[in-house]
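Visitor: As a plain string of letters, each chain reads:
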Amino acid sequence: DTAVSQTPKYLVTQMGNDKSIKCEQNLGHDTMYWYKQDSKKFLKIMFSYNNKELIINETVPNRFSPKSPDKAHLNLHINSLELGDSAVYFCASSHQTGGAKYEQYFGPGTRLTVT
Amino acid sequence: GQSLEQPSEVTAVEGAIVQINCTYQTSGFYGLSWYQQHDGGAPTFLSYNALDGLEETGRFSSFLSRSDSYGYLLLQELQMKDSASYFCAGVTGANNLFFGTGTRLTVIP
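Residue numbers (our numbering), protein chains in the order written: chain A, 2 to 116; chain B, 30 to 138.
Next comes chain A alone, as it looks inside the complex (with noise of 0.2 Å):
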């Protein structure tokens, strides 16, 4: 069974339009998280979700909004899509905690093109 899953995995569109990636988790776990990985591979945190609330906001465009509607699920919705919003985006969960070891587990990526 997979953990964490995101679809689409590939997305290709064009500048101004908008577009949603879709994250369900079946882990059980009450946080979730959406990250961007650009073209260099470098990771970085865009939102975090506890238990339905957004709880980090790391100084991403407002284009960007994130939508659960529940604890197993985190939407990424993106408005008037811009040539630097290609990359990879990643989802992942974890329990509030982190548990002993602050472990995430990650989908496997969202890879987008914006032409």
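Careful, some of the hints might be misleading.
[As the list claims (entries may be wrong)] Pairs of lysine to aspartate or glutamate residues, derived as EDC-like cross-links and limited to a Cα-Cα distance of at most 20 Å, are as follows:
| id | chain 1 | residue 1 | chain 2 | residue 2 |
| --- | --- | --- | --- | --- |
| 1 | A | K42 | B | D111 |
| 2 | A | K45 | B | D68 |
| 3 | A | K41 | B | E34 |
| 4 | A | K41 | B | D68 |
| 5 | A | K37 | A | E25 |
| 6 | A | K41 | B | E38 |
| 7 | A | K72 | A | D39 |
| 8 | A | K68 | A | D86 |
| 9 | A | K10 | B | D68 |
| 10 | A | K23 | A | E54 |
| 11 | A | K42 | B | E34 |
| 12 | A | K42 | B | E43 |
| 13 | A | K45 | A | E59 |
| 14 | A | K42 | A | D31 |
| 15 | A | K37 | B | E34 |
| 16 | A | K42 | A | D86 |
| 17 | A | K45 | A | D86 |
| 18 | B | K110 | B | E43 |
| 19 | A | K37 | A | D86 |
| 20 | A | K23 | A | D86 |
| 21 | A | K37 | B | D68 |
| 22 | A | K37 | A | D19 |
| 23 | A | K45 | B | E34 |
| 24 | A | K72 | A | D19 |
| 25 | A | K37 | A | E104 |
| 26 | A | K10 | B | E43 |
| 27 | A | K20 | A | D86 |
[To be verified] Quick list of the computed label-pair ranges, beta carbon to beta carbon:
| id | chain 1 | residue 1 | chain 2 | residue 2 | range |
| --- | --- | --- | --- | --- | --- |
| 28 | A | Y11 | B | Q108 | 43 to 53 Å |
| 29 | B | A45 | A | S81 | 46 to 56 Å |
| 30 | A | P9 | B | Q108 | 31 to 41 Å |
| 31 | A | N18 | B | D68 | 23 to 33 Å |
| 32 | B | R88 | A | M16 | 44 to 54 Å |
| 33 | B | G87 | A | N63 | 40 to 50 Å |
| 34 | B | I46 | A | Q15 | 41 to 51 Å |
| 35 | A | R112 | B | M109 | 20 to 30 Å |
| 36 | A | T3 | B | G87 | 17 to 27 Å |
| 37 | A | T3 | B | E106 | 42 to 52 Å |
| 38 | A | G17 | B | S94 | 45 to 55 Å |
| 39 | A | S6 | B | H67 | 16 to 26 Å |
| 40 | B | G87 | A | D19 | 21 to 31 Å |
These aren't lab readings, by the way, just hints derived from the structure by calculation.
Everything numeric in this text was worked out from a predicted model, so none of it was measured.
Positions of the beta carbon are idealized from the N, C-alpha and C atoms, including for glycine.
Based on these hints, arrange chain B on the given structure of chain A.
Guide: Frame of chain A; chain B shown alone:
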């Protein structure tokens, strides 16, 4: 702010030992994690150090010195499948991870 620096690339021979260093400047630091990422794959958890000292998990060990703001990942008996990118990550409040710059490890025969 959060800053974690790693060497960008390391090359080592199959069967050898390699050490990947990480120096950090973070606020609200709980501990240091390490993640492995193969090309095209997702980051996967390797280890976590909350206290100073060495943590061993099979062929992988991780070390932390809080006084030096320094840690490292030690990989022993290198295998070809260990070729990947390795990231240190500072753990702060609410289980937030701030990733380092990443080290690409290439294992050669």
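Visitor: Look at each hint and say if it fits the structure.
Guide: Each hint tested on the structure:
| no. | hint | result |
| --- | --- | --- |
| 1 | A:K42 - B:D111 | holds, 18 Å |
| 2 | A:K45 - B:D68 | holds, 17 Å |
| 3 | A:K41 - B:E34 | holds, 14 Å |
| 4 | A:K41 - B:D68 | holds, 12 Å |
| 5 | A:K37 - A:E25 | holds, 17 Å |
| 6 | A:K41 - B:E38 | holds, 13 Å |
| 7 | A:K72 - A:D39 | violated, 27 Å |
| 8 | A:K68 - A:D86 | holds, 18 Å |
| 9 | A:K10 - B:D68 | holds, 15 Å |
| 10 | A:K23 - A:E54 | holds, 17 Å |
| 11 | A:K42 - B:E34 | holds, 14 Å |
| 12 | A:K42 - B:E43 | violated, 25 Å |
| 13 | A:K45 - A:E59 | holds, 9 Å |
| 14 | A:K42 - A:D31 | violated, 27 Å |
| 15 | A:K37 - B:E34 | holds, 18 Å |
| 16 | A:K42 - A:D86 | holds, 14 Å |
| 17 | A:K45 - A:D86 | holds, 13 Å |
| 18 | B:K110 - B:E43 | holds, 10 Å |
| 19 | A:K37 - A:D86 | holds, 9 Å |
| 20 | A:K23 - A:D86 | holds, 17 Å |
| 21 | A:K37 - B:D68 | holds, 16 Å |
| 22 | A:K37 - A:D19 | holds, 17 Å |
| 23 | A:K45 - B:E34 | holds, 14 Å |
| 24 | A:K72 - A:D19 | violated, 24 Å |
| 25 | A:K37 - A:E104 | holds, 18 Å |
| 26 | A:K10 - B:E43 | violated, 33 Å |
| 27 | A:K20 - A:D86 | holds, 11 Å |
| 28 | A:Y11 - B:Q108: 43 to 53 Å | violated, 30 Å |
| 29 | B:A45 - A:S81: 46 to 56 Å | holds, 50 Å |
| 30 | A:P9 - B:Q108: 31 to 41 Å | holds, 33 Å |
| 31 | A:N18 - B:D68: 23 to 33 Å | holds, 28 Å |
| 32 | B:R88 - A:M16: 44 to 54 Å | holds, 46 Å |
| 33 | B:G87 - A:N63: 40 to 50 Å | holds, 44 Å |
| 34 | B:I46 - A:Q15: 41 to 51 Å | holds, 49 Å |
| 35 | A:R112 - B:M109: 20 to 30 Å | holds, 25 Å |
| 36 | A:T3 - B:G87: 17 to 27 Å | holds, 25 Å |
| 37 | A:T3 - B:E106: 42 to 52 Å | violated, 31 Å |
| 38 | A:G17 - B:S94: 45 to 55 Å | holds, 49 Å |
| 39 | A:S6 - B:H67: 16 to 26 Å | holds, 18 Å |
| 40 | B:G87 - A:D19: 21 to 31 Å | violated, 45 Å |
Checked against the numbered hints given earlier, this structure breaks hints 7, 12, 14, 24, 26, 28, 37, 40; the rest are met.
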